[in-house]
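Chemist: Next come the chains, spelled out residue by residue.
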Amino acid sequence: MLPKISRYFLLIVTVITLAYVLPSIYNTLFDTRINKPFITYSQTKKDYFTYRNVDGKPKYFDRKNKEYNQYEYLDATPIMNFHYHLGKGTLPDSFAGVKLIPQQLRMESTFQFFEPQQLFAPAYGLYPLFESRPEFGLAYPKDMFRINRRIEFIDAKSNTINEEKSRKYLEALIKEGFHFPARIVSGLPTLMKSKDEGWFLTDNQEQLFHLMMVKGEPYVKHIPLPAGVKLKIIECNDFDSGEYFAILISTGNGIYTLNKRDYSTTRFPIDDYVPENQTMNIMGTLFDKTVTLYREDGVKLYTVDRSYKLVDQHEELVPLKSTMTIGKVYSFLFPFQLSLDSPYNSFIRFTPVKAATWSWIILNIVLLGITVWLIRKEGKSLKKSIIDLLVVAFTGIFGFLAVHIIPNKQY
Amino acid sequence: MDNIVECRNLTHYYGKKMVYENLSFNIRRGSILGLLGKNGAGKTTTINILNGFLTPRSGECIILGENSRNLSPAVKAKIGFLIEGHIQYSFMNIHQIEKFYSAFYPNWKRDAYFELMAKLKVTPKQKISTMSCGQRSQVALGLILAQDPELLVLDDFTLGLDPGYRRLFIDYLREYAKAENKTIFTTSHIIQDMERLIDDVMIMDYNRVLAYMPLQNFLGGFRQFNFETESSQTPIVKNGLVINFERVKNSVELYTYGKEEEIKSYLGGLGISYKNFRPVNMTLEDAFIGLTGKY
Amino acid sequence: MLRSIFYKEWIKIGKITLLFLVLGILIIAGIYLTVRHDLVLTDAEKIWDGIVNQRQIYFTIFKFLPLITGLVTGFAQFVPETTDKRIKLSLHLPMNEEEVVLKMVGFGAITVLSVFIIFFLVFYAWGIVYFPYEILKLASLTVFPWFLSGLAAYFLTSFVILEPIWKYRILYMLAGGAFLTLFYKSNRAGAYQPAIVPLAACVLLTSISSLFSIYRFRKGEM
Numbered sequence: 000m001l002p003k004i005s006r007y008f009l010l011i012v013t014v015i016t017l018a019y020v021l022p023s024i025y026n027t028l029f030d031t032r033i034n035k036p037f038i039t040y041s042q043t044k045k046d047y048f049t050y051r052n053v054d055g056k057p058k059y060f061d062r063k064n065k066e067y068n069q070y071e072y073l074d075a076t077p078i079m080n081f082h083y084h085l086g087k088g089t090l091p092d093s094f095a096g097v098k099l100i101p102q103q104l105r106m107e108s109t110f111q112f113f114e115p116q117q118l119f120a121p122a123y124g125l126y127p128l129f130e131s132r133p134e135f136g137l138a139y140p141k142d143m144f145r146i147n148r149r150i151e152f153i154d155a156k157s158n159t160i161n162e163e164k165s166r167k168y169l170e171a172l173i174k175e176g177f178h179f180p181a182r183i184v185s186g187l188p189t190l191m192k193s194k195d196e197g198w199f200l201t202d203n204q205e206q207l208f209h210l211m212m213v214k215g216e217p218y219v220k221h222i223p224l225p226a227g228v229k230l231k232i233i234e235c236n237d238f239d240s241g242e243y244f245a246i247l248i249s250t251g252n253g254i255y256t257l258n259k260r261d262y263s264t265t266r267f268p269i270d271d272y273v274p275e276n277q278t279m280n281i282m283g284t285l286f287d288k289t290v291t292l293y294r295e296d297g298v299k300l301y302t303v304d305r306s307y308k309l310v311d312q313h314e315e316l317v318p319l320k321s322t323m324t325i326g327k328v329y330s331f332l333f334p335f336q337l338s339l340d341s342p343y344n345s346f347i348r349f350t351p352v353k354a355a356t357w358s359w360i361i362l363n364i365v366l367l368g369i370t371v372w373l374i375r376k377e378g379k380s381l382k383k384s385i386i387d388l389l390v391v392a393f394t395g396i397f398g399f400l401a402v403h404i405i406p407n408k409q410y
Numbered sequence: 000m001d002n003i004v005e006c007r008n009l010t011h012y013y014g015k016k017m018v019y020e021n022l023s024f025n026i027r028r029g030s031i032l033g034l035l036g037k038n039g040a041g042k043t044t045t046i047n048i049l050n051g052f053l054t055p056r057s058g059e060c061i062i063l064g065e066n067s068r069n070l071s072p073a074v075k076a077k078i079g080f081l082i083e084g085h086i087q088y089s090f091m092n093i094h095q096i097e098k099f100y101s102a103f104y105p106n107w108k109r110d111a112y113f114e115l116m117a118k119l120k121v122t123p124k125q126k127i128s129t130m131s132c133g134q135r136s137q138v139a140l141g142l143i144l145a146q147d148p149e150l151l152v153l154d155d156f157t158l159g160l161d162p163g164y165r166r167l168f169i170d171y172l173r174e175y176a177k178a179e180n181k182t183i184f185t186t187s188h189i190i191q192d193m194e195r196l197i198d199d200v201m202i203m204d205y206n207r208v209l210a211y212m213p214l215q216n217f218l219g220g221f222r223q224f225n226f227e228t229e230s231s232q233t234p235i236v237k238n239g240l241v242i243n244f245e246r247v248k249n250s251v252e253l254y255t256y257g258k259e260e261e262i263k264s265y266l267g268g269l270g271i272s273y274k275n276f277r278p279v280n281m282t283l284e285d286a287f288i289g290l291t292g293k294y
Numbered sequence: 000m001l002r003s004i005f006y007k008e009w010i011k012i013g014k015i016t017l018l019f020l021v022l023g024i025l026i027i028a029g030i031y032l033t034v035r036h037d038l039v040l041t042d043a044e045k046i047w048d049g050i051v052n053q054r055q056i057y058f059t060i061f062k063f064l065p066l067i068t069g070l071v072t073g074f075a076q077f078v079p080e081t082t083d084k085r086i087k088l089s090l091h092l093p094m095n096e097e098e099v100v101l102k103m104v105g106f107g108a109i110t111v112l113s114v115f116i117i118f119f120l121v122f123y124a125w126g127i128v129y130f131p132y133e134i135l136k137l138a139s140l141t142v143f144p145w146f147l148s149g150l151a152a153y154f155l156t157s158f159v160i161l162e163p164i165w166k167y168r169i170l171y172m173l174a175g176g177a178f179l180t181l182f183y184k185s186n187r188a189g190a191y192q193p194a195i196v197p198l199a200a201c202v203l204l205t206s207i208s209s210l211f212s213i214y215r216f217r218k219g220e221m
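Chains as they are written, first to last, in numbering that gives the first Met the number 0: chain U, 0 to 410; chain V, 0 to 294; chain L, 0 to 221.
The hints are simulated quantities; they were obtained by calculation from the structure and are not laboratory data. In this text, all values refer to a predicted model and were calculated from it rather than measured experimentally. Among the hints, erroneous ones may be present.
To be verified - Restricting the straight-line Cα-Cα distance to at most 20 Å, the calculated cross-link-like pairs of lysine to any residue (SDA-like) are: (1) Lys-37(V) - Glu-20(V); (2) Lys-126(V) - Lys-218(L); (3) Lys-218(L) - Gly-58(V); (4) Lys-98(V) - Arg-85(L); (5) Lys-156(U) - Val-34(L); (6) Lys-44(U) - Lys-63(U); (7) Lys-184(L) - Tyr-67(U); (8) Lys-327(U) - Thr-284(U); (9) Lys-218(L) - Ile-404(U); (10) Lys-126(V) - Ser-113(L); (11) Lys-141(U) - Leu-40(L); (12) Lys-299(U) - Ile-33(U); (13) Lys-308(U) - Thr-284(U); (14) Lys-84(L) - Thr-54(V); (15) Lys-141(U) - Ala-120(U); (16) Lys-383(U) - Ile-404(U); (17) Lys-218(L) - Ser-71(V); (18) Lys-62(L) - Ser-113(L).
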């Protein structure tokens, strides 16, 4: 009995292995690149321009699919490509009644990128608290803090807790109404920034706080959130534009700026961003912000003005892999796939992924037929092979290989 | 009759190649049965079936009352098993291996083992793998003697032994078996000295049994006659009378269970002229070759 | 009888186990002596920053040691059992055949596991001298799949070596090798956290695979 069970155990492990390995091999051999189009907004034309590579030459197309060459495109986007026009001396003096100052254009041109693989990744839970107002430039702090049941600063050299500093910050946090432990801790733990703005934290009661060290002393500020909003993601920036500290994403997938001016929040008029499986970038200029959402089946753009009113939007679809030949062959071969790594997070997770179509049923039936034929040919009893047949019927090519790699001899 | 082993209608194939069909034999308690055959005749297959390392296509062996497909620990304890080539755990030395096996057998006869080991010129820490084939055969034998089994199954134990060790092994074994009323089933493809050991003989050729009887009956009944003939043709056929014959130039060797007169009248009936007709005394080895042929 | 089996298995794998134990501890010592050296030469916070924010893993040299330990232990234990079909001796012992094999594999698994536990304790205890708990937690989650792969490698090696027919040995090696790659799919510390339980379950599923090889041997596959 046990040897039979051990064979079925081996079948399970083999099917799991093959369900990961075979699709991986297939993809390694045959995968094609699906280019997500690069689209930009033109303030002057009030239109979106899509970049496409046509016969090795860059071409741009507007919403009516009218073709532009690179020069025409650059001329249509003077704000975004102000560097180019500055160099050529073709930068307009003003646009929409606003005088164009290169310094200001540069400061207000911002770019922020939200990728699921970076948002959902393993984290240590240790954070360096920089001196935000240093006398002689930014320096890496000698300690890191953890913030669980309390806040603790751990000195790196001695690997011991600095009790005095910890107590000072604990008191400051409690005084401002912080409830331990922290849920989200977000900042820019790097020296590659022009200035430090400390950390933004949410506490155990979904309240938002700003934590900094100013001249060695704790600075803690409770930040009011719109009623009912709970945060999921905070992404800080280091823009020269002093507009906002960070982008906040709520549990309802609302996108907010956390404004520097008064710690207020402003919501983008966008409801279909899903951070778990979309990449988002926010490109800002002096006049507007364009939010691009990259989905598996296409690209969606929203352009808002400086007061976050929607001025335009655009959507472009790309062919899904499942509709292309490699995708069709794929779903003919594999009834399902076991994915371990995901483009949407940095964890390794056993995730069964269904095939896009039902065409694998044909192959499963053929393989089932071959298995029955082989069993008959070897003079074995079909009744004793019933589990093998079920394995082949349900797992197709994976099960077919498994039951033959781990042979079912009948004695 | 008290049989320790009863094998009935054993049939086995490797793939499509038949090993044998409907092989039946018994081993009497206290007897020594030798299964003799050339290499590849199915000797090890039989041993494997007996020890439960092979399930035959059909048929069964009952050993000490149990089907060999599923021997209980109690019955396995009563069977001493010598693998072809005296294979043992050669990564151990003689003390380690004794310590290992002794825990498995309640009637372990430590003295019997060390008595035999004392005769070997090996150092206490010497691994079995560094011993000579003859020394290893003694270790394997000593372990079986210490186990004190009712039935000894010995697979081609003469393999690789020099004449001295072979003789030693056989004599020791026979004396032991007869003194302690042990039953032995042994196979061998080397026939020399085998008549000193066995009581019953079974001679096997590819996929059939050529002879299965008490050794004395075989040696007494199986005869060889030599003669010379001038006839250009010898239309002798293998039949019930003539078991085997070979002609080299004008000399003919003829093997039979029949008597001299029967052969002479058979040759007369065929019209074969012969001279110098004489019976030849055979050892077991001669008889074996006579029966199975030289090829 | 159990003690006797353990005695024989220890004769086969004892030396190799101790060798790997010493080798592993030397490697861990090497890892932490390097850390200590770096802490002296550079700023401690730079090293912490490298680990916490730059995704450095300070113990990559340890990566394949558990895997190799499992493989070599399986080899050392079962090659001597199968050369000249010596496994017949074990199966002929007055014991249930499955029980004999399970006890042999069980002893090997306990030995490998003990070595891994010692590795882990040394790795953790020494690490906590230089690093806070958070770093050791993710480091532990990172080495865990490596240890699991070592255990899987041990079970699969036993399974492959005990299999009597070369054709199937090769097929098993291919499938087993592919299975072992599942433990090495990320270079990021802590990435395997959600996969550890399913992987451990898979390793458990392979743990009695030797019984299948022995079953085939006893049915006469040679």
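Chemist: All hints, please: hold or fail.
Modeler: Hints, one by one, checked against the model:
With a C-alpha separation of about 18 Å, the suggested pair Lys-37(V) and Glu-20(V) falls inside the 20 Å cut-off, and the hint holds. Between Lys-126(V) and Lys-218(L) the alpha-carbon distance is near 32 Å, which puts this suggested pair outside the 20 Å criterion. Note on Lys-218(L) and Gly-58(V): the hinted pairing holds, with a Cα-Cα distance of about 14 Å set against a maximum of 20 Å. Our distance criterion of 20 Å between C-alpha atoms is met by Lys-98(V) and Arg-85(L), whose separation comes to about 18 Å.
In summary, the hint linking Lys-156(U) to Val-34(L) is supported, as the alpha carbons are separated by about 12 Å, within the 20 Å threshold. For the hint linking Lys-44(U) to Lys-63(U), the alpha-carbon distance of about 12 Å falls within 20 Å, and the restraint holds. With a C-alpha separation of about 44 Å, the suggested pair Lys-184(L) and Tyr-67(U) falls outside the 20 Å cut-off, and the hint is violated. Of the pairs offered as hints, the one joining Lys-327(U) and Thr-284(U) is violated, with about 42 Å between alpha carbons and a cut-off of 20 Å exceeded.
Of the supplied pair hints, the one linking Lys-218(L) and Ile-404(U) holds, its CA atoms being roughly 18 Å apart against a limit of 20 Å. Simply put, Lys-126(V) and Ser-113(L) have alpha-carbon atoms about 28 Å apart, too far for the 20 Å limit, and the pair is violated. About 15 Å separates the Cα atoms of Lys-141(U) and Leu-40(L), which keeps this hinted pair within 20 Å; it holds. A hinted pair counts as satisfied when its Cα atoms are at most 20 Å apart, and Lys-299(U) with Ile-33(U) qualifies at roughly 16 Å.
The hinted pair formed by Lys-308(U) and Thr-284(U) meets the criterion: a straight-line CA distance of about 15 Å does not exceed 20 Å. A distance of roughly 17 Å separates the Cα atoms of Lys-84(L) and Thr-54(V); the hinted pair therefore holds under the 20 Å criterion. For the suggested pair Lys-141(U) and Ala-120(U), the alpha carbons sit about 25 Å apart, so the restraint of at most 20 Å is broken. In summary, the hint linking Lys-383(U) to Ile-404(U) is supported, as the alpha carbons are separated by about 18 Å, within the 20 Å threshold.
Between Lys-218(L) and Ser-71(V), the direct Cα distance comes to roughly 16 Å. Compliance with the 20 Å bound is thereby established for this hinted pair. Restraint check: the Cα-Cα separation between Lys-62(L) and Ser-113(L) comes to about 18 Å, which is no more than 20 Å; the hinted pair holds.
Comparing the model with each earlier hint shows violations of hints 2, 7, 8, 10 and 15; every other hint is respected.
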